[in-house]
Structures are given as structure tokens and as C-alpha cells.
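A.B. asks: The primary structure of each chain is shown beneath.
2 protein chains.
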Amino acid sequence: MPLKLNAADAGFEAAFRELLASKREDSLDVNETVAAILKDVRTRGDAALVDYTERFDRLTLTAETLRVSADEIMAAEAKCVSEDLAALSVAADRIRDYHRRQVPEDLDYTDADGVRLGHRWTPVSAAGLYVPGGLASYPSSVLMNAIPAAVAGSERVVMVVPTPDGVINPLVLAAAKLAGVTEIYRIGGAQAVAALAYGTETIAPVDKIVGPGNAYVAAAKKQVFGRVGIDMIAGPSEILVIADAGNEPRWIAADLLSQAEHDTAAQSILITDDADFAVAVERAVEVHLQSLERTGIASESWRDHGAIILVPDMKVAARLSDRVAPEHLELAVEDPDALAAQVRHAGAIFLGRHTPEAIGDYIAGPNHVLPTARSARFSSGLSVLDFLKRSSLISCNPDSLGAIGPAAVTLAQSEGLGAHALSIALRLEKSEMT
Amino acid sequence: MPLKLNAADAGFEAAFRELLASKREDSLDVNETVAAILKDVRTRGDAALVDYTERFDRLTLTAETLRVSADEIMAAEAKCVSEDLAALSVAADRIRDYHRRQVPEDLDYTDADGVRLGHRWTPVSAAGLYVPGGLASYPSSVLMNAIPAAVAGSERVVMVVPTPDGVINPLVLAAAKLAGVTEIYRIGGAQAVAALAYGTETIAPVDKIVGPGNAYVAAAKKQVFGRVGIDMIAGPSEILVIADAGNEPRWIAADLLSQAEHDTAAQSILITDDADFAVAVERAVEVHLQSLERTGIASESWRDHGAIILVPDMKVAARLSDRVAPEHLELAVEDPDALAAQVRHAGAIFLGRHTPEAIGDYIAGPNHVLPTARSARFSSGLSVLDFLKRSSLISCNPDSLGAIGPAAVTLAQSEGLGAHALSIALRLEKSEMT
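Going line by line, the protein sequences match chains A and B. Just so we're aligned, residue 0 is where the first sequence starts under numbering that gives the first Met the number 0, counting upward by one. Just so we're aligned, residue 0 is where the second sequence starts under numbering that gives the first Met the number 0, counting upward by one.
FYI, nobody ran anything at the bench for these hints, they're computed from the structure. Ideal placement from N, C-alpha and C gives every residue a C-beta, glycine not left out. Check each hint, because a few of them may be wrong.
Pairs of lysine-lysine residues, derived as DSBU-like cross-links and limited to a Cα-Cα distance of at most 30 angstroms, are as follows [claimed, not checked]:
hint, chain 1, residue 1, chain 2, residue 2
1, A, K221, B, K22
2, B, K38, A, K22
3, B, K221, A, K38
4, A, K22, B, K221
5, A, K38, B, K22
Ranges of calculated distance between the beta carbons of each label pair, as one might list FRET restraints [as the list claims (entries may be wrong)]:
hint, chain 1, residue 1, chain 2, residue 2, range
6, A, R322, B, D110, 31 to 39 angstroms
7, B, E82, A, V102, 39 to 47 angstroms
8, B, M0, A, R57, 50 to 58 angstroms
9, A, D8, B, R99, 30 to 38 angstroms
10, A, A46, B, V166, 31 to 39 angstroms
11, A, P311, B, G152, 27 to 35 angstroms
12, A, M0, B, K38, 28 to 36 angstroms
13, B, G415, A, A13, 47 to 55 angstroms
14, A, P163, B, K38, 33 to 41 angstroms
15, B, A7, A, A203, 24 to 32 angstroms
So these bits of chain A aren't anywhere near chain B, every CB distance computed over 12 angstroms [unchecked claim]:
hint, residue
16, M0
17, R66
18, P163
19, S394
Okay, chain A solo, but in the shape it has when bound (with noise of 0.2 angstroms):
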């Protein structure tokens, strides 16, 4: 059963606050163990990915056969079934159209006292994307996280994804192809960390690494993290639907599952203001639940960490929102816009009765790659923008270095740095003699 809330009543405020409290994951320990497989492939290079390979993997490879051919890519292809090639390549085409509408402009303009200043974004040379192994290897993924680094415009986007006994999905080989990955090693784990940070002799290292995986993957993006840029350490998944009553009830119970079914740590909350409605949700809830693949996981999850939440009223259900500051938000109700414009915390905003979360897993075009475990209040989903950055530009002439100079000699001076209001000050004499 999950848990029940009314924000009617006098103990809510606590209970709410243990609900945005509590942990669903366990966050293993791995940190030395990681520190010392960095430390063997920085070291070891090559010969070291094969030996982890042979040993997590099962799989005996050698420097030649780290990377995927094009052969084998073009096999992997042929054995997709076509129905899912053609869905998979309108998701490619959707998502590079909105990731292309994400691409900044440049700014350069000259100011009142003559300056010209702006910037500049340039893409990330090298993006490293690592795709996991087993069954939570999906091609989605791929595509959500290749795809905007192929629009930023790296010139290197290198895949790794270890396949246990040689096994891989050949639906993410496709994918890769699809979304512009410019090469493949098959190999997982830290290991495949340490080699996009620091190179090997056969894989020439990335400046960025993203993508989810498990603990190890996590530290090993974490402890590389300067040498190399990452993303977010993403946490389990979580929806959080605001509905009324004016919803079917087994769409929404639907759309609950649909993130519980993720993972047994995933979180599915529902908010409404209709009590009969919140009891029709948790009833086609049960009804769904027997007869879904992953009921186990989905039930557990429901279970453990779901939520349905009465309020008085929508405006205490978009407060209550924000504090929550979800992954994946529905606003099921009537005037989906009305209610967005209270909602300033989350990764992404799925309006309308008609737009169930799992559109925008797959094919919406949005990144399905957003802020988890309550960090929509800080950062966003990723987007072109992490493969690009940006070089602010300035320029000065010696009228427009005389009339902001000054200034800047003064702040120097008042910081007792005197190479900084030395190196202006020579070039203000220079101009006062001209």
C-alpha cells in the first residue's frame, strides 16, 4: 500500500517532510576499489580493460577487438526487427529537432564606453557516453545522450557499453548509428571510465563523460570529475502526477506504474483534490499491476515509495510540488498552463490529460536524461548546452581602455595587486601620450 497523505490534516506537515526526507537507495561504498581500477588502467592501459573485460564480462578480447566494427554494426542492424527500426529512427528525428532548437546564439556587441565585448560557445572536441550493459541497456538512451552531442557538434562521440558474455542488444548498436556515435568499445564498468578520462593506446581520451550506471560507474564519474567534465550522478527515477477528477483513472494508475516499474527504488506520487478519484487511481493501480511484465519490480516500488496525497486545493498541490521538485511532473487537470505558471521546480513538465510521462521517454524530442532526488531546484535535464561551452570575449581600444581604465586601477589598487593595476596603468600613459 502506498503511502497516505491529506493536507487537511494536523500531522501532515511532518509526514510530508519524512516523505521528501527519505533515502530509497543505499549508496554502496566503492570509492577505493574504483580508485584502484583508474589507477591500473592509467597505468596498464589496454592491457588492463582486457583483464576486467575477461574478468566482469566473461569475455576474452584483445586491443583489436575493444571497438566495435562497422561490420559488426551493419549485422546488428540487419537483426533489428524493421517495426522498431522505423520507431526508433522518428525518435532520432524528433529529438534532434528539439536538441536543435537548444543551440545558443553568440553575443558580440559594443558598448556605450567603447568596449567590445561577448562570447563565444564552442563544442566539447570529444564527448564519452556510457551506455550499461544487461538489461538496462536501452536504446533510448542512446539516443538521448549521443544525440545532443552529435547537434553541439564534438567531433569524437565515443560510446562504451560492456556486453557480459559477448552479448549486446543489437537495438543500441543501431541506435549508436542513428544518433551519430563515432565509435564504440565494448567495455563497462570503471574501467571503461578510466579509459574515455585518460586514453589508452587504443582509445584517445574525451574531455566530457555522461550517461548512467551503477555504483562503480557513479564513483569512477565522480573521482575523474576535473580531468574530465561529467553529468549528473543520476538517482532512481520519480514522477509526480497532479490530477483531478476529470481524468480516467486507469490512465493515470498507468502512468504511476510507469515510473515504478523502472526500478524498486522509483518513486511515483500522485497529488489530487478529489478523495473518490484518489481511490479509483489506487484501485486500477491493483488492477494493472496483475497483469504487467515487470509487476514485481513496479509493485515493490509502489509499495515502498509511492504516494497519493489529498489537498484542498490545486494551489496547495503546486506548492506541495515544488517542494518535491520532481523529475517528471503531469499536470492532468483542465488548464494544464494555468497551473504550470505556479510550478517553478521541475526536470520536466507533461501537460494535459493526453500527455502521459512515457511519451517523453522515447519520442517527444525532449531529453529524457533530467534532475533527480530533488535537484530540479539547481540543475536541468541535459541538453546541447553540456557539450558546448562558452568563451567570453573582450576587446578594448585605447579610448575605450581610458574610459573604463581607471576604475579598474583603483579596484587593483584597493586589492594591493600591483601587476594588475600596473599592466593597465602603463597602457593609459601610453594612451594619454598618443
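Following the hints, position chain B against chain A.
C.D. replies: For chain B alone, kept in the frame of chain A given last:
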């Protein structure tokens, strides 16, 4: 004596690689000490802050005096030299003007399938700003860290600054007021980071923490990352100057020293295509060093980490610069735009002979918090974007869900996620019925 290299020499590549790999700072391992302080502040709140401030800053506070009062800020302002205040005010205005141009636009469009898509930017509600105390307490850094948060629209801009023995630079308080800081607490170290991340009885927690600090502050920021957002961990400052023989050697020498005087671990590199000019700059550095206030620090930095690199032409200079990916890049050449077009990785680019780097530290407008230690390959200077986050928006109606839903169902099924497929399929049935 700085390192001297000639790109035409046989041993150049090896020597340049060594320069790139050289570590300029020993990283102190203070993780355990910091973890204990974080835990203590989290448990005991204000009382812990009072204890640590007594111990580390020799200052006796109470919960009531943790916060710097409006009267104290006014009194500090009254103590400042009016010329300094005026310069600070010019700087604040220029920085604000530049950063306002960084505010990104929202996106809202309906695509060919009738799907409404977009994104919306919203500010981080509460920004925390760490300002070092004592010698490294720079009013210019207060402006550079606080103004982007204020421009982004953060309601709370909370500054923490240690005041050893109760002493604080009055210009720091004046800068805070100018920059739009809303609360100031006289605490520092890991305990201040803990207070910002977890909150205490007196200090409400923030969502993001930025600003430079010592090893304890850096370790504390890393440890609270995830609960709150953080900015990059800044390393020692760097400048790379590409200069031809058309420059005044004394100017370029002062530019190199303006980084060197920051810190013995700072790095200044000159790349030039003229051997005589290189000699002239080196001599001018020696002359300047005889009269600089901070000559000890600057001499040590220049001797231990400085470098002069002679190149056959400026194309080689641009290539080498990209391998350094410097925090600050000066292009003191005849046609700086043409050279800038060949460069890709730099935190800030200073164009032409009349744009000393120091003008960007204080008054030009762009942020002086910039990526160090080669991280300009994948990250950018501090900006308004660091205090904004993006929610993606998706809205389908029955028709547009009908158009794109089937492909999503196919993909969900291929990934074995039945509830994902169900949440879309249920709605498709319905739209087929209507």
C-alpha cells in the same frame, strides 16, 4: 627563470607535454575532517557554528550575531574611500549589464505533428556565495559571484564570509550591498558550507553554493554536492599571452605578472613568434619585479611555473594554446579576430594590444570566475545560467498523441517496459474511439 621552449626543437613535444601535465598544487586530503564538521553543523546547527568560529576565527558569536546587520553594512560603507566606492559602483553596473545579456529565452512551439514542445527557465530560489576572509577577501569577487545570481532572479542571495578576529574588509560589505546580496553571515570554512547546504536555526538552506575557498571549503562543497548544486572547484589562476613583436614588452611583462602575483601556484605563459621580443619581455619582467608590492609571490610563480615558448608562426601558437585550454588568453597581435577564430578552448579571450587581462578581472563586464586547469575544454565561466534551470515542456492532444504515440509504444515494448507502453496505448484506444 621561467621554462624556455622552442617549438622547432626536437625535444619540444615531450617538454610541452610535461608542462601540460605539471601539477601546481598539492591537494590536501581533508575529507575526514570536513565530513566531521559537516555532520556536526547538521546536528547542532547554530551552536556548532558558534564553536567553530570561536576556534578558527577567534571570534565569539551568538545565534543573534551570526548575521551581519544592516547597520554594520552601512557603517562599513561609510568607512570606505569614496573613490573606491565609485569604482566599485561602475564595476557593478558594467557586470550587471553584461550578465543581463546572458539571460536565455524560453522556447514554446508546436511542431508538424501538432505536439507542443518547449522549455522554460526559472531561477534557483536561494543562492549561497562563499567569500574567503583575510587577504583573499576581494570585493571584485563578491560582485562577480553575486551579480549573476541577482540577475537570474534568485530571491535569496546569501553570503558567508569569515572574519578572523572580527576583522572584515569594509569594501567587501559595500560590494555585497551593490551586488544585491540579501543576507550576510560572518562564518567561514567547511562549517559555513554546511550551514548553507543543511541550514541551521538561523540560516535557511540554499539550493546552490558558489565561490572560491581553501582546501576545506573545496572539500566541503564536493561533499554537499547533490544535496545542493555547486560551481566548479577553481584551481590556481593562469594566463597565456600570444604576442608578436609589435607589442610594448613592458606591457606584456606586466600582463604575465598580473597572474603570477595572485599565487605562487599561478601560471603565466608567453607564446611569441619573435625571439628578440621574448628576450625583451623576460628582461621587462625582471625590471617590474624590482618594484612590485607582491614581488615575492610573483617571482616564485614566474620562476617555478612561467614559460616562454617560441613558435615559427601564429598558427602553431593557436594549436598550442588549445592544448593548454587557458583560463585567460590574451591575443596581443595585429589581427586578433583572425587568431581568435583559430582558437577553441579558453575561458576568456582578450583581444588586441590594449586589452590587458586585468581589465576583465574588475570592470569590463564578463565574469572573472573562469575554468582553470585545462577545464576550458569542457566548462565555462560563471554566468547567469549557473543560477537558472530549465524545465522541458511537452503537451499532446488526442490527435498529436495519435500521430507520435504508436512509435513510442513500439519502443517501450522493445525495451520490455510494459507500463510505459500501457500508459500511451490506453490513451490511443480512447482517441480511436472518439
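A.B. asks: Taking 24 to 32 angstroms as the stated bounds, is the beta-carbon spacing between B/A7 and A/A203 within them?
C.D. replies: holds, 26 angstroms
A.B. asks: That 31 to 39 angstroms hint for A/R322 and B/D110 (C-beta), does it hold up?
C.D. replies: This hint holds: roughly 33 angstroms between Cβ atoms.
A.B. asks: Minimum Cβ separation between A/R66 and chain B greater than 12 angstroms?
C.D. replies: holds, 23 angstroms
A.B. asks: Range hint 31 to 39 angstroms: satisfied by the CB atoms of A/A46 and B/V166?
C.D. replies: For B/V166 against A/A46, whose Cβ atoms are near 57 angstroms apart, the range 31 to 39 angstroms is violated.
A.B. asks: Between the beta carbons of B/E82 and A/V102, is the distance compatible with 39 to 47 angstroms?
C.D. replies: holds, 44 angstroms
A.B. asks: Does A/P163 clear chain B by more than 12 angstroms, comparing its Cβ with all Cβ atoms of that chain?
C.D. replies: holds, 17 angstroms
A.B. asks: Are the Cα positions of A/K22 and B/K221 separated by 30 angstroms at most?
C.D. replies: holds, 20 angstroms
A.B. asks: Given a hinted range of 47 to 55 angstroms, is it respected by the beta-carbon distance of B/G415 and A/A13?
C.D. replies: violated, 39 angstroms
A.B. asks: Hint says 50 to 58 angstroms; check whether the CB-CB distance for B/M0 and A/R57 agrees.
C.D. replies: Since the Cβ atoms of B/M0 and A/R57 sit about 56 angstroms apart, the hinted range of 50 to 58 angstroms holds.
A.B. asks: Mind checking the alpha carbons of A/K38 and B/K22 for me, to see if they're no more than 30 angstroms apart?
C.D. replies: Status holds; Cα separation ~17 angstroms.
A.B. asks: Is A/K221 close enough to B/K22, meaning Cα to Cα at most 30 angstroms?
C.D. replies: holds, 20 angstroms
A.B. asks: Range hint 27 to 35 angstroms: satisfied by the CB atoms of A/P311 and B/G152?
C.D. replies: At roughly 29 angstroms between Cβ atoms, B/G152 and A/P311 fall inside 27 to 35 angstroms, so the hint holds.
Hint compliance for this structure: hints 9, 10, 13 and 19 are broken, all remaining hints hold.
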